[in-house]
Amino acid sequence: MNSLPRHDQKTNRKIKRETRRFLVDLYLSKIAPPASRSVWATDYDSTVISVGELYPNSAKTKGHVTDLDDRSQKTQSLRMKASITFLGIVDTQGLQNHVSNKDKSFLDKPEEELNALNIISWKNINGMNFRGGRVGNKFYPEDLVSRDEERVKMGAKHIYLIRHGFFSSMRPGQNSILLNVNTATSAFYAHINLQVWMNRCWSGSHPSDRDFRQKLNGVRVTLNLHAAGPGQDRVWIVRGISGENVYDTTFMKDGKETKVWDYLETHPKYKGYPSGDAKQSKASFCINVGSFSRPIWYPADQLNIVEWQVLGEKVPEHYSEEMVKASEKFPQQSIKDIMKSGLKELGLDSKEDLYKDFGIQRTPEAKSWEMLKLDGIKLPLPKLVFGKANASSQKQALPPKDAQWFLTDRSMSAAGKSCSKLHVLWIFGASEEFTSNIDVDKQTGYLRELLKTLRGQGKDIGCQKMLAHAPKYDPQTKEVSREECLSELTRARSECSDSDESINLLLVVLPGVDRLLYPEVKRWGDCIQGTPTVCVTREKLNMTNGTSGFNLTANICLKINSRLTGVSHILDPKDTGFSDHNKGMTGAYKGTMIVGADVTHPGKGVHRCPSMAVVVATNDEVSSHYLGSARLQEERQEYISDLKGMMAERVKAWYRKANGTIPRPKEVLPKNILFYRDGVSESQYGMVYHEERQQIFDGCEQALAELKKEGNIAKNVKWVQPKLTLIVVGKRHHARFYPFDKILDQPNANLPGGTVVDTDVVTPNHRNFYLQSHHSPKGTARSSHYVVIHDDLDYPMADLEKITHNICYTGSKATKALSVCTPAKYADLLCDRLRCYMKPVLDNFYQPSSNVTGNAGATAGSASQASPPQPGPSQLTITPTTVGDRTGILLYGNDNRIWNGFDVSRERAATQNPWHPRLNDTMFYL
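Everything in the sequence shown is counted per full-length UniProt numbering, starting at 1 for the first residue and increasing by one.
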């Protein structure tokens, strides 16, 4: 394994990607390895993998540097010089021991060996003859691109193109190395003129600097002005936009202020500029392709977007439907694409087997390069217990079908808070009139099925309506004013004479799907009013009438019931696959608090915005109520800074629910904790084990100390540290499982819900399994990956699989099993709600006050007291975590327009959560 330089040896500046690729190709062609040493592969970035020495005497010792000189040029100035560094031998035997766990031997960093194998597998893809695009570990063959269709789309003013490709990665399995191949679908920038792209994106108007940077910062372009001369292939990086057009933008040249237009028009290097309509050229946007300190300005109409640049942010809404449809490949189609096109590019077709040259062979039992066949486990679906359908009926335990169920002739297991009125807030579009454009009384008629269903659930509910107008969008920011929205919603609320405390829930009817209005409604309800809200569009509300809308009505009822602290159903403890009387309805030991945790981060181009961490946890063993805690923390830091403080809040919530119902003080606190940590990568397992694990225990101790201080528990009561089972949940993996026995006669078939895979493809040296808990009628199902990091209770793997599967059926989000276990899903949903609160910041248009008053860092909790992550043992590799920028916490922590919305002087419990204290004991975020 050899290394090539990634920096300019004179200036020590990092060489651009395209330049590195060009230079590496030049090195290896001009100073080619001898023919006898021609078996090699490179990533054309920094590494070469070769069979034996790449050059004579180039691998004497590790770190040995070999200088290369192109002597084909007689002129010294034209000679190419380079150097390579010998990094060492790829430890294939160590990797084999690692996956087979031979003598419990494993590599400290198997990633290095796996990366070498990845470079070999991508020999053709990285090569100069590959036709297509490469993005990270995904490749997009030209054969899968429909050029005619794309030309039509670009002519129809599309600015993004949806393209198909593949993901591939060498992965450690049990007793073998596996090549993981999956289909991929991504959105790319349309490779068109930049001025045309911008006109389409912003309808010809000048974009704000925020919008421009969010969409185009870092995009690579070429310059038309160099098309016929030196530098014609040079790639420039977009860094910014001038506030003026190209005719009015100036820069300093030789101490004089010079117009960009005048400079380009008169400079002999740019002879022929402008080539088209001078008036249009003068109005062109002026783009900075230099740096912030040393800008280089060019007209947007002279810049072309380089092809194969993937969109680095979430695809815009009007492309979402196209993206979803393009991604929905059924198993048969996915298999066909992989076997026909993917393996060919990876050198695994029948015509070529480049792996033999590197000494890599398939396992003896495999006759050809084919998909690995596995024996999965099919878990039985748990039975669900609902309430009585009527006074004379009995509770029944009913099995789901296809991992879903219906609420026909069934009532909720527990109805929750009483609600004599369903308060309905009707929101009109900004241009609508209350009386002319919509008949509110007629719309109220659409509630009849919903009210009928709610009454069938034991709620004698009437209807109280309020009216509000949605504010108009700001033409500059393309956003709604938070202040205007809150003012209008509060005005509408004031028309209702009922007190805030008597309004247990608000049904909010939106004029349509609105990504701008929805977050403001949620923040107003959560943080200002302290009232749970259920949002529904007029179209969906209209669909609730008739038999076809029953499932929609049921889902709305589920949300209403959960926000009123009701319980939709429980699991039948007699039918969860466990006979031990010491275990509860999910199969976990009695006295177990189930916890989920996640962190969400700001997107591309958003600076000084903190990340948001959440913890959700059950407050008893039956209701499956997951109450939440939230904190701001350092920007883009995955490590949860105040996990200790949030765990203390959750343990105290468990105490509040159990206090008075359990006579023994020790029994009031959880004995066990089943913790599902979402959102971390393999390299962060060590961080979870060494740092976050201890914070979980510390949080329990803090809760006990606070309860004693408050006089709730006697000071002489001692609490034995709870037994912890800590599991990491992975969703963004590329392992896919196909039902081979059905694929021919049922091409759209996925594996059934309850399928478990815990052999062959699972990670060696860890207890882990894949679980597909849900029914997937569309596309190819994605299983969730569960890795056991720590287990004080020594659960058998089969028990953890059953418990996790059972937990997937305890959700109140919809009448079907969740694709990921409930605590992880709920933590993700609470993160989404926090993004509603932080939306102005995440969208990069909110300007915070420069005067930060009070204890602005309070929302970070005890983050400063928590120890920074330390390196973990080799079997739990850790990427060092550094303390991030706390500026965002200081700016937004106590900003009542962003994080803390309610009147602090009126009511505030001892909590650091952004929502109103009245919502602390509800699942308002579902």
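Hints listed in this document are in silico derivations from the structure and should not be mistaken for laboratory results. Check before you lean on any hint, since a few could be wrong.
[Stated by the list, open to error] Estimated spans, in silico, between C-beta atoms of each pair: (1) L372 x Y473: 48 to 56 Å; (2) D794 x D741: 48 to 56 Å; (3) I89 x A326: 18 to 26 Å; (4) E317 x D794: 47 to 55 Å; (5) H581 x N175: 20 to 28 Å; (6) G429 x M797: 48 to 56 Å; (7) D620 x D794: 18 to 26 Å; (8) Q394 x S494: 32 to 40 Å; (9) K356 x A397: 37 to 45 Å.
For each residue, glycine too, the CB sits at the ideal point set by N, CA and C.
Okay, the hints, checked on the actual structure:
L372 and Y473 have their C-beta atoms about 52 Å apart, which keeps the hinted 48 to 56 Å range intact. For D794 and D741, the Cβ-Cβ distance of about 35 Å falls outside the hinted range of 48 to 56 Å, so the restraint is violated. Range check, I89 to A326: Cβ separation about 43 Å, and the 18 to 26 Å hint is violated. At about 48 Å, the CB distance of E317 to D794 agrees with the hint of 47 to 55 Å.
Taking 20 to 28 Å as the suggested C-beta distance range, the pair H581 and N175 does not conform, at roughly 39 Å. Look at G429 against M797: about 54 Å separates their beta carbons, and that is inside 48 to 56 Å. Against the hinted window of 18 to 26 Å, the Cβ-Cβ separation of D620 and D794 comes to about 25 Å, which satisfies the hint. At roughly 47 Å, the beta-carbon separation of Q394 and S494 lies outside the given 32 to 40 Å, and the hint is violated.
Range check, K356 to A397: Cβ separation about 58 Å, and the 37 to 45 Å hint is violated.
Of the numbered hints given earlier, the model fails hints 2, 3, 5, 8, 9; all others are met.
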